[in-house]
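Undergrad: What follows is each chain in one-letter form.
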Amino acid sequence: MKNYINNVLSPLLQGDGGYIEYLEESGGSVTVIARGECSKCHKLDLCLNWCEDRIRKDLGKEVKLTAVRKKPFFWDK
Amino acid sequence: MAHIKVVRRSMRPEEYISLRYGWLRNSIYGKMYELSDVYVREAHQISENEYDFYDKDFRLLQKGDTYFSPDGSAFLRCKAVISEELKDKDIYFYFKTASEMIVKINGKFAGGVDPNRERIPLSEFLRGDTLLIEAEGFNRSKPDDERNPETLARRGCRQEFTGLFLTTVNENIQSLCYDLEIFTDIISSGQFPEEYVNIVTDKLDKALNLIDYDNITEEDAKKAIDFIEENIYSDKTFRSSGKVALVGHSHLDIAYYWRRIHAVQKNLRTVLIQMRLMDKYPDFRYAHTQAYTYETIEKYYPEVFRELKEKIKSGSFEIVGAMYVEPDCNVPSAESLIRQCLYGQHYFREKFGITVDSCFLPDVFGNSWILPQILKKSGVNYFISNKMSTWNDTNRFPHNNFIWRGIDGSDVYASVPPTHFITWNEPSQVAENWEAFQDKHTDTETLSMFGYGDGGSGATEEMIELMHRFSKLSVMPETRHVTVKEFLHDNFNENHKFDVWDGELYLEMHRGTFTTKSDIKKFNRYLENRFRLAEMLSLIREKNGKPYPKEEIKELYKKFLVNQFHDILPGSHITPVFRDCIKDYEEIDAELDKIIGTGDTLFNSLNSERNSVEFIENENGIFEREGKKGLYCKTAFAPLSHGRFDLPGNDTAWFKFRDGALDTPFYTAVFCPDGSFSSLCDKELSREFADGDFNKLKIYDDRPGMYDAWDILPDYKDKELPLGVKVPLHFVRADGETAEFSVTHCTEKCLWERRIRFFRSSRKIEVENIVDWNEFHRLMKVAFNCNILTRELVCDTGAGFIKREMHRNTTWQKARFECCHHKWFDISETGGGVAVINDCKYGVGVSEKEITLSLLRATERPDPLSDLGHHNFTYVILPHGEIPYGEINTEALIFNTPLVKTEKLSVPEEWTADGKLVLQSVKKAEASDMTVLRFAECAGSRGTLHFPRPVKLLNFLEDIEAETDTVAFKPFEIITVGI
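Protein chains in written order, with our numbering: chain A, 1 to 77; chain B, 78 to 1056.
No lab work stands behind these hints: they were computed from the structure.
Mixed in with the good hints there might be a few duds.
[Claimed, not checked] Examples of chain B residues toward chain A, derived with CB under 8 Å: (1) R118; (2) A120; (3) H121; (4) N126; (5) G141; (6) Y334; (7) T652; (8) E937; (9) R938; (10) P939; (11) G992.
[Unchecked claim] So, partial list: chain A residues that the calculated Cβ filter (under 8 Å) puts toward chain B: (12) L12; (13) Q14; (14) R35; (15) C41; (16) H42; (17) F73.
Every residue, glycine too, gets a C-beta built ideally from N, C-alpha and C.
From just these sequences and the hints, can you work out the full model?
TA: Structure, rendered in structure tokens:
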């Protein structure tokens, strides 16, 4: 899961100036850190739904993704 | 505690006008006919026009569905039958989207829709009553224009599908909206006289009162239009002065918040949109830069290229900017900038029969002083670049239309337009441009550019419609829609009133771009030298019968030049752009390796003598430098020749080291535990060189804000952070030539080893840095406080040197606290000085006393991973007596151009030019069998080159200008000859 999120999904988000990083997994819940453009994106939840779908298709796992937003200091108002 | 300011008052007239303008905008379109059978196939783009599809086939896409994915593309397809009600009408395809769509109608490229455009006229593409609509969409978090609040609200990797429609346009309502766009801007901008604004507000209110907003009709809109015509446009009471030239363009970053592979579609969309505008508005002219972007159209969309050629021929579509891409103009070498012009101009000549006489760089982060000469000798007489006027953080750049004098005395006509290069052609923007224009005494027009940019797309219908109304507004400056060429030729030729700016075009901003993305800058410098070597060796070998790989080198060079684009090489881009760039570099390096080959003997590719101490790879060597084992040896090589080197013995008695004090044949030095020198006393010159922190690493908090990768703040020194010493300076190893010391610094996140090497036979002190860098918002510099009284810092520009004032007498010096240099900088007084030579660093911090070399940054936007990881780079401290700068330059060339292993080679005598000038490049001519030699004067001297037989004097485009056996040169001149 960590490898898939950091090396398969995150590079896709980096293509939009975003960034996610695996933080922890507990039961069916996976938490990621969202930085860059993701940290302030209005549509992050929709995007995480898509990521969950990819995880289901590629890893065969049902998970709920949650993001901890870490905004750069200049956006963190 | 948060407070909301509550204002209790009735609606003001201008607010009511704005409200009604909104109602009218909602009535621009007739009945919307939704297309029902829309199918989508989603993908991830993996290369130019190559995709990994998520879906095996197209699937139905319905209004309200979510589509697009992170870094995703979507292909839409829809078949439709035109309903009876729409037949014989001017039908439009309507699609409101935050993505960027290229649209094909019935198999033909019809145009584009994107956040700034929502419709495409269909009549030209209709065949019968059936329609096949195909759209290729690309979705970015960063839209073309960040100032559009509507798109900002909708941005994101995933999008809601809002439906495709066929519709008609209510032309009168649309036209009235254009009028309202003009007058609401005039009312709200604060750019026009208050009295006039009051009159416009009053009359506009009256015009809008002619409309029934419960049932907005074309007839009512026409009444309002007529009223405005008769009562506002016809009022010539208020008059402005000034002349503004309006140029349509679109700024296209080849990579930025998107990868190079995506620029292919961005560019196509832009070109299509602009060509469709030309069809609708025959007077419309549009300027487009970068030969590379024309190449991608030619390669991937030949049918569009054919149309493009016609538009260029007719004069509607104008090629501007002689260069291959819009490169950074600080970091690339002189030869790289010459190649930008050479390959750009040759492409334009070959495909369109045009030599472009303008350099068009609206967005670059300052311009090197070497540029005027390069432009002038590449057929370019005019230079346009915007940022100095609008982005400077301290001083207002004093000119807009002027003559720019280069380091060698070459002059080009220059325009630094007073306002931003992205405008949407609002009256206030045009008026502001004239107001800000500082060269009114020259009786010239000021240049105002319009069109969306960064991600391309350019002008809109609205911008052109507004422009067509400007002539009716006496309150505006006189405007003229022109090509770039018309603006330049009409205003600059035969005009002798221009002031001269003699110096670099330093941008008082984006000073961090000399340092951000260290790996890219290191690879760029390395490959610049590898290209030189590959061309030289290929030419030598051609004489022995091996074919010169002309096309192969050209293609590799072009790939390299793309990566000098002004958001790639400076480091202001997202993570995947960095990865693409490094991958390109590795591929280029591997191919150049094959061309360069190897051999049994070392060859000096410089046309200067080489008597130095150099690292020679040797698997039994006791030293390790940049991951390779070897020995430091005394070298003796004639120019462009093989030579010899002396293996050092084992006798280490040449130096003494005790309690931090070092004694060598050249110096007595006292180390601090952190590797800095509290004293560096030159025995030969009997003088002390250190005066304070010298060779001391300093780490600073580095938080410039939004423009994180771009900027370093003027007060960065105010927050210096502690830098620990994990392993204090200690002796490591030595032989008969070299003594190596090491110190390891640390923070919580970073390990930084410095290997400091003193030599028995050389004044050089080499400092290798091996770094594991995991910092965040930090800037690392190495500081040099020298026992030297001078007010001038001398910096290499890559083709000559520039003297920069170190004092802070005025705001101009204060603003230049961080500058770009190339291989070396030097501070000297009569009798001696200290030079610092680098292999990949460009940022130098300037102050009255302390000079710093910027080593690494750790920025977060646009790339959260910027510069993290391992780094290995080296600089050299070179204390010296009174020597010409040319000698420092030679040492820097030796340091940056290692000896290379080859077979036995013999080089023609002409190539050395007696060592008077630096042999910058030797290559095969692009269009003939000539050998092209390029020499650069880097010492600031004057003289004459004598060749044993007549040579052709060439410009940088390799056109023959004269034939001679003697060529006079002046300081900092770059001379090209053909043999």
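Undergrad: Does each hint fit the structure? Answer for all of them.
TA: Right, here's what the structure says about each hint:
no., hint, verdict
1, R118, "violated, 16 Å"
2, A120, "violated, 12 Å"
3, H121, "holds, 7 Å"
4, N126, "violated, 17 Å"
5, G141, "violated, 13 Å"
6, Y334, "holds, 5 Å"
7, T652, "holds, 4 Å"
8, E937, "holds, 5 Å"
9, R938, "holds, 6 Å"
10, P939, "holds, 5 Å"
11, G992, "violated, 49 Å"
12, L12, "holds, 4 Å"
13, Q14, "holds, 4 Å"
14, R35, "holds, 5 Å"
15, C41, "holds, 5 Å"
16, H42, "holds, 6 Å"
17, F73, "holds, 6 Å"
Checked against the numbered hints given earlier, this structure breaks hints 1, 2, 4, 5, 11; the rest are met.
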